[in-house]
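Protein sequence lines, in the order shown, are assigned to chains A and B.
Residues in the first sequence are numbered consecutively from 1, following the working numbering.
Residues in the second sequence are numbered consecutively from 1, following the working numbering.
Think of the hints as simulated: they come from the structure by calculation, not from any bench.
Values in this document were obtained by computation on a predicted structure and should not be read as measured data.
Hints may be right or wrong, so weigh each one.
[Claimed, not checked] No more than 20 Å apart at the CA atoms, straight line, and that leaves these computed lysine to aspartate or glutamate pairs for EDC-like:
1. B:Lys-100 with B:Asp-80
2. B:Lys-96 with A:Asp-215
3. A:Lys-436 with A:Glu-461
4. A:Lys-406 with B:Asp-210
5. A:Lys-11 with A:Glu-499
6. A:Lys-543 with A:Glu-76
7. A:Lys-264 with A:Glu-396
8. A:Lys-335 with B:Asp-210
9. B:Lys-93 with A:Glu-396
10. B:Lys-25 with B:Glu-91
11. A:Lys-335 with B:Asp-80
12. A:Lys-365 with A:Glu-244
13. A:Lys-155 with A:Glu-244
14. B:Lys-93 with A:Asp-402
15. A:Lys-264 with A:Glu-499
16. B:Lys-96 with B:Glu-127
17. A:Lys-404 with A:Asp-381
18. B:Lys-95 with A:Asp-134
19. A:Lys-38 with A:Glu-412
20. A:Lys-400 with B:Glu-91
21. A:Lys-63 with A:Asp-37
22. A:Lys-401 with B:Glu-91
23. A:Lys-418 with A:Asp-402
24. A:Lys-52 with A:Glu-177
25. A:Lys-208 with A:Glu-171
26. B:Lys-107 with B:Asp-80
27. A:Lys-264 with A:Asp-134
[Claimed, not checked] Stretch by stretch, here's where chain A covers chain B in the computed footprint (C-beta under 8 Å, at least three residues):
28. 103-112
29. 180-188
For every residue, glycine included, the Cβ atom is placed at its ideal position computed from N, Cα and C.
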Amino acid sequence: MTSTPSISIKKSFANKNILLIGGTGFLGKTWLLMLIDKVQTMNKVYVLLRKKGSQSARVRFEKMINESYLFKHLHEKDAQAFHEFLQTKVEVLEGDSTVKNFGLSKIDYDHLLEQVDLLVNCAGLVDFHPDLRDALWTNIYATMECASFAKQSKKSKLLHVSTCYTAGVKEGLIKEEIDPDHSPTGQILDPEMELQWMKAAIEREEKKVAQLSVDEILDQLPFREEKREQFLSQESHDQKKTLEVYRNKILRQQLIGVGRNRAKMFSWTNTYTYTKALAEKLLVSRFPDLDWAVFRPSIIESTHSYPFAGWNEGFNTSGPLTYLASTWFRHVPAKRGNPFDVIPVDFVCRGIMVSAAQLLLGQAKRVYQCGSSDQNRFTIDRATELTSLSHRLYYERSGKKDIKTKILSRFETVPVAKDSMYSLNHIYNVLSFFQKGTNWLYKRIPTWIQKPLRPAKNTQEKWTRRFEKITGVVNLFAPFTHDYFQIFQTKNLMEVQVEEKDLNFDPMSIEWRHYWMEVQMPALRTWSFPVIEGKEKQLYQPKTPFSFETEKKIPYRNYGLDSTVPSQSAAR
Amino acid sequence: MNTSPLQPAAFIRIEDLLVRDAWMKNFQSFVWLNRQTLPENIFYGMQTLLSMPFSSFYQKRNPVKSQKIRYANFHGMTQDRLSVLGQSFAETKLKKHLQKDAIDWIKNISSTHQVIFFSDQLCEVIEPILGLANLSGHIISNHIQHSQGLLNGALQNPIVGGEQTVSAIGQFSRAHNIALHESLIFSARKQDAQLFTLFKEATAINPDGDFAALCRQMNWQAKEIYI
Chain A
1 MTSTPSISIK KSFANKNILL IGGTGFLGKT WLLMLIDKVQ TMNKVYVLLR KKGSQSARVR
61 FEKMINESYL FKHLHEKDAQ AFHEFLQTKV EVLEGDSTVK NFGLSKIDYD HLLEQVDLLV
121 NCAGLVDFHP DLRDALWTNI YATMECASFA KQSKKSKLLH VSTCYTAGVK EGLIKEEIDP
181 DHSPTGQILD PEMELQWMKA AIEREEKKVA QLSVDEILDQ LPFREEKREQ FLSQESHDQK
241 KTLEVYRNKI LRQQLIGVGR NRAKMFSWTN TYTYTKALAE KLLVSRFPDL DWAVFRPSII
301 ESTHSYPFAG WNEGFNTSGP LTYLASTWFR HVPAKRGNPF DVIPVDFVCR GIMVSAAQLL
361 LGQAKRVYQC GSSDQNRFTI DRATELTSLS HRLYYERSGK KDIKTKILSR FETVPVAKDS
421 MYSLNHIYNV LSFFQKGTNW LYKRIPTWIQ KPLRPAKNTQ EKWTRRFEKI TGVVNLFAPF
481 THDYFQIFQT KNLMEVQVEE KDLNFDPMSI EWRHYWMEVQ MPALRTWSFP VIEGKEKQLY
541 QPKTPFSFET EKKIPYRNYG LDSTVPSQSA AR
Chain B
1 MNTSPLQPAA FIRIEDLLVR DAWMKNFQSF VWLNRQTLPE NIFYGMQTLL SMPFSSFYQK
61 RNPVKSQKIR YANFHGMTQD RLSVLGQSFA ETKLKKHLQK DAIDWIKNIS STHQVIFFSD
121 QLCEVIEPIL GLANLSGHII SNHIQHSQGL LNGALQNPIV GGEQTVSAIG QFSRAHNIAL
181 HESLIFSARK QDAQLFTLFK EATAINPDGD FAALCRQMNW QAKEIYI
């Protein structure tokens, strides 16, 4: 047996210039933190950010540094040193990875081409069923733009962050490889032709929707009677604007459906994984000689220990389901024994460090999978039970003595098969049938009886709608919890020995009960559940906020101070 | 071979000192009422009810057998659930019965001695009790065997209970280089009398008539702590 020589992450990054795309996302910002806090040896980090509304890229970056609890320890440890480090090591560029040359000026782009040693693309549209146009631009064109940058550059390598779930419906051991010519179930698939098909499908739908008459548009809208009345009561110039809004809504819905059906046809679980998989295939077919690697994390969740245990943002995969488990929701579609491949975000960042270092050293493999199912399996039934037990302890410790809290603390969510009579789909079908029946009856009874029954009918409709929403959420996550038994091989990361122990990818060190009960669930309660409930996000406020001193920068560079960069939609 | 010198320690039985044994024994019913699903509650409830008379019958005659019968009902439950239920049981049922005088007294001992707690109960109950009492030290208690996170209802060896407590403590002291003949022991149980003879200094806690007489006879100390 040959032992692999160990690598040093710090030495691999020494004096290198890194371009980070997607640096404000959940994963991107955690990796940036690790880079500036733990690695530190790089020469420069360029962060490419989009302008958002009136906020320039620079302002967005400063807001992220100042308001995210992720950077709290650096502000509190030595704010001055932290600010100086950012001033000297980080440059924010306003651009857009979905636009040619990232939407940068020629001088900026050429500068990057000359300087950058490694491009890390963390950007992606993680919505499972997005408008096909958005998925195409963000998940495919942006990846191609990154690869094209690496190709034009003299020395840049590309690390592209994808997902383990590009495996689609394939079951069993998922190897670290890309099959450029086949779908997950082995159907022949030419990625270039698929790309052409997508473009044609988008054009076709756009034309179809453009040709719709006013009546056809109004007929296709939800709550069509109300919408029609509103529309007819408007002035003619307002009607034109409203019609355009309605047309866009319909087009969006159509393209969500087109993406979903196409993904399903080729055995991917959703448009997100379908477009991410196509981007991987196109990297293989278009850039065979380039130094690139695909990094595939599984389900990314709260930090395990760095910078502190239990940091999260917004809601990730387990957020909505665990939230539902704290309510009267009872049955989660889950197959006992199926892996629930969760991996804390700080472990994913360690994995990115390892694969990036391998790329910089010229030792990289093509694919790195980063999950837990291969080395330290966590099952969906265990996750379900731990979630319920965590809610129980939470309710017990809340000190509330009312009967509702007492019942809720014992009202455990249990895993059920999708075809079980207790499954949500069955309950929803029964409810819908009941509602149709009552609607039919309601229309046929005299008006004087209808009036007192109206509140009851409204309540019934409200509950059916709520149930429809819950069923939608649960079905969305069913591929991860119920449908497929997938184990993601992590051999390529596991075989690398890292000198810096705190940057080593070591999923075996996760003790799941502790992680789920003491880290993940409290993190979701602090950071995610308030977002689900529509409450304000918690923002950190440092004593001395960070701000770039622009006068120190080279004058010709675009730091997001002007608005000459074309926006994504304009470039399209 | 471990050649480090042997250390003295203070061994303290938790039952009837920190909290009454009778309260702790309710854990079995607590677990039965808190299975994951209603059918499980019914099935294991029946099993628990059926086993209770047998468990009580053997309690004095053969404590280990009594324990084995009691914990056999935990078969099929996950280790996660047992751990969380232990925590929940300690917080909701036992916390209010913790003896403050006993806690203070143990803290005094721990300032001068390495403290080792022992108990016939499951470690899933003992650990949170000590946590709630803000006490720290090694624990010698029972564990249920498991395979891939599922309990099979059998106790792991060495079992702490009845006469077997002596061998459990013996094994522990050998593994941790503790000299029993230089150590202290505190217990409220008459059944620990055999164990008392191995220690340098033995103290009976709240001894009743028989136990107090035995203490006088054996020259063991007695201490009254209100419980």
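Hints, one by one, checked against the model:
no., hint, in the structure
1, B:Lys-100 with B:Asp-80, "30 Å, violated"
2, B:Lys-96 with A:Asp-215, "70 Å, violated"
3, A:Lys-436 with A:Glu-461, "10 Å, holds"
4, A:Lys-406 with B:Asp-210, "45 Å, violated"
5, A:Lys-11 with A:Glu-499, "10 Å, holds"
6, A:Lys-543 with A:Glu-76, "8 Å, holds"
7, A:Lys-264 with A:Glu-396, "44 Å, violated"
8, A:Lys-335 with B:Asp-210, "58 Å, violated"
9, B:Lys-93 with A:Glu-396, "11 Å, holds"
10, B:Lys-25 with B:Glu-91, "15 Å, holds"
11, A:Lys-335 with B:Asp-80, "18 Å, holds"
12, A:Lys-365 with A:Glu-244, "48 Å, violated"
13, A:Lys-155 with A:Glu-244, "47 Å, violated"
14, B:Lys-93 with A:Asp-402, "18 Å, holds"
15, A:Lys-264 with A:Glu-499, "44 Å, violated"
16, B:Lys-96 with B:Glu-127, "16 Å, holds"
17, A:Lys-404 with A:Asp-381, "25 Å, violated"
18, B:Lys-95 with A:Asp-134, "56 Å, violated"
19, A:Lys-38 with A:Glu-412, "41 Å, violated"
20, A:Lys-400 with B:Glu-91, "14 Å, holds"
21, A:Lys-63 with A:Asp-37, "18 Å, holds"
22, A:Lys-401 with B:Glu-91, "15 Å, holds"
23, A:Lys-418 with A:Asp-402, "34 Å, violated"
24, A:Lys-52 with A:Glu-177, "36 Å, violated"
25, A:Lys-208 with A:Glu-171, "38 Å, violated"
26, B:Lys-107 with B:Asp-80, "30 Å, violated"
27, A:Lys-264 with A:Asp-134, "18 Å, holds"
28, 103-112, "violated (count 0)"
29, 180-188, "violated (count 0)"
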